[in-house]
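J.: Chain residues, written in single-letter form:
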Amino acid sequence: MEFKDYYKVMGVARDATEAQIKQAYRKLARKYHPDVSKEKDAEARFKELGEAYEVLKTSEKRAAYDQLGTGPRAGEQFRPPPGWDAGFEFSGAGAGDDTDYSEFFASLFGREARGGAKRRRAPSSHGEDQHAKILLDLEATLMGGQRSLTLRAPGLDADGHVTTKDRTLNVQIPRGILAGQSIRLAGQGAPAEAPGGTAGDLYLEVEFNPHRLYRVDGRDLYMSLPVAPWEAALGASVATPTPSGEVQLKIPAGSRGAGKLRLKGRGIPAPTPGDLYAVLEIALPPAPDEAARAAYLALAAALPFNPRAALGA
Amino acid sequence: MSEIFEHYALLTIHDLSRLCTVEPQHILALVEEGILQELPESGGESRFAGETLRRARLALRLQHDLELNLAGVALALELLDEIHHLRAVMQRAGAYP
Numbered sequence: 000m001e002f003k004d005y006y007k008v009m010g011v012a013r014d015a016t017e018a019q020i021k022q023a024y025r026k027l028a029r030k031y032h033p034d035v036s037k038e039k040d041a042e043a044r045f046k047e048l049g050e051a052y053e054v055l056k057t058s059e060k061r062a063a064y065d066q067l068g069t070g071p072r073a074g075e076q077f078r079p080p081p082g083w084d085a086g087f088e089f090s091g092a093g094a095g096d097d098t099d100y101s102e103f104f105a106s107l108f109g110r111e112a113r114g115g116a117k118r119r120r121a122p123s124s125h126g127e128d129q130h131a132k133i134l135l136d137l138e139a140t141l142m143g144g145q146r147s148l149t150l151r152a153p154g155l156d157a158d159g160h161v162t163t164k165d166r167t168l169n170v171q172i173p174r175g176i177l178a179g180q181s182i183r184l185a186g187q188g189a190p191a192e193a194p195g196g197t198a199g200d201l202y203l204e205v206e207f208n209p210h211r212l213y214r215v216d217g218r219d220l221y222m223s224l225p226v227a228p229w230e231a232a233l234g235a236s237v238a239t240p241t242p243s244g245e246v247q248l249k250i251p252a253g254s255r256g257a258g259k260l261r262l263k264g265r266g267i268p269a270p271t272p273g274d275l276y277a278v279l280e281i282a283l284p285p286a287p288d289e290a291a292r293a294a295y296l297a298l299a300a301a302l303p304f305n306p307r308a309a310l311g312a
Numbered sequence: 000m001s002e003i004f005e006h007y008a009l010l011t012i013h014d015l016s017r018l019c020t021v022e023p024q025h026i027l028a029l030v031e032e033g034i035l036q037e038l039p040e041s042g043g044e045s046r047f048a049g050e051t052l053r054r055a056r057l058a059l060r061l062q063h064d065l066e067l068n069l070a071g072v073a074l075a076l077e078l079l080d081e082i083h084h085l086r087a088v089m090q091r092a093g094a095y096p
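Sequence order for the protein chains is A and B. Numbering (numbering that gives the first Met the number 0) for the first sequence: 0 to 312. Numbering (numbering that gives the first Met the number 0) for the second sequence: 0 to 96.
Because the hints were derived from the structure by calculation, they are not lab data. Keep in mind that a hint or two might mislead.
[Stated by the list, open to error] Part of the chain A face toward chain B, derived, beta carbon under 7 Å:
1) R29
2) S124
3) D128
4) D165
5) N169
6) V170
7) Y221
8) V246
We put the CB at the ideal spot given by N, CA and C, even for glycine.
The shape of chain A in the complex, shown without the other chains:
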């Protein structure tokens, strides 16, 4: 397993005071908290940070960890020396219940170090509800339909080692589900601790991958629709893709760039479905050769046009 340098994770010196460690934690936690951070690897960084803080904030755990020295070089294999933790007692006030610690952490401090209070409770007849985020393509809400999803859950193998278990579920995605909403799967959560009890429920919170064509705002969809200058000026009927198939969209004469055309009811499905907005983007034909240059010059000659009139220039 990989040795983890918790001091490096927290960006503090090995002789940092408790106050410095706390300060470093708070600063980094705000930076990497998955709910507020835009950093790409925020979730992994935050998890690592929580683990480092869990060890360094407790003087017993920190002292035990310090016994290990600086470990092998980062990335090298690591085994705790036998009896490394003799004389240390971990009272194990756990961090959050959702925290799943690394194999490195678990091998040093055991899984019991997490959420101590929880384990002492009588076996519950109702299993825990579980929550997971799932990333779907926009088509899933537009069309509905079955999706095969793989969820990773930390668990323990027969020897008590931490493993991640993959679990594949076939889920019917309800049409019209929006980002941030959840699919509830009754009885698919954690099994009950007491025999004969009912399993908890599984909540899948939906997020969408960015779509090639459509941007989402509530139930409405926005897409850019490139048009030629003459199509915008003279009006035209142009083929436009929509989630429910291609349509001929009428561009009114005298349309401007960034103008919006609404296709009612072609957004995300619902009893009152959202709309699809085509945002016009006037595309200029390039002038790579003499013929094109001549056409532009003829246009300039025929149309006295000052696009900067409003600037007073």
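Given chain A's structure and the hints, the job is docking chain B onto it.
T.: Relative to chain A, chain B alone:
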């Protein structure tokens, strides 16, 4: 058949407390701070829309992970809402992401 939780869920303080695995007083504190809003009174027990679950879980995560007090959580959520709104505006304009 899977359904959209937010479409049918009508939650009590107790439901929220169970679904967030915290004591009811933690949920009540979020309500008192104005972080969670109950639906207009229909007599008797307070009810919350299904969307409240996500907000409650988010608030509790921030409170726990960042060691925030309730006023700090409320402020963070308002700012997150604002960011969300601004991103939507930028996205409509095609500027993000």
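J.: What hints, given by number in increasing order, does this structure fail?
T.: Those not satisfied are hints 2, 4, 5, 8.
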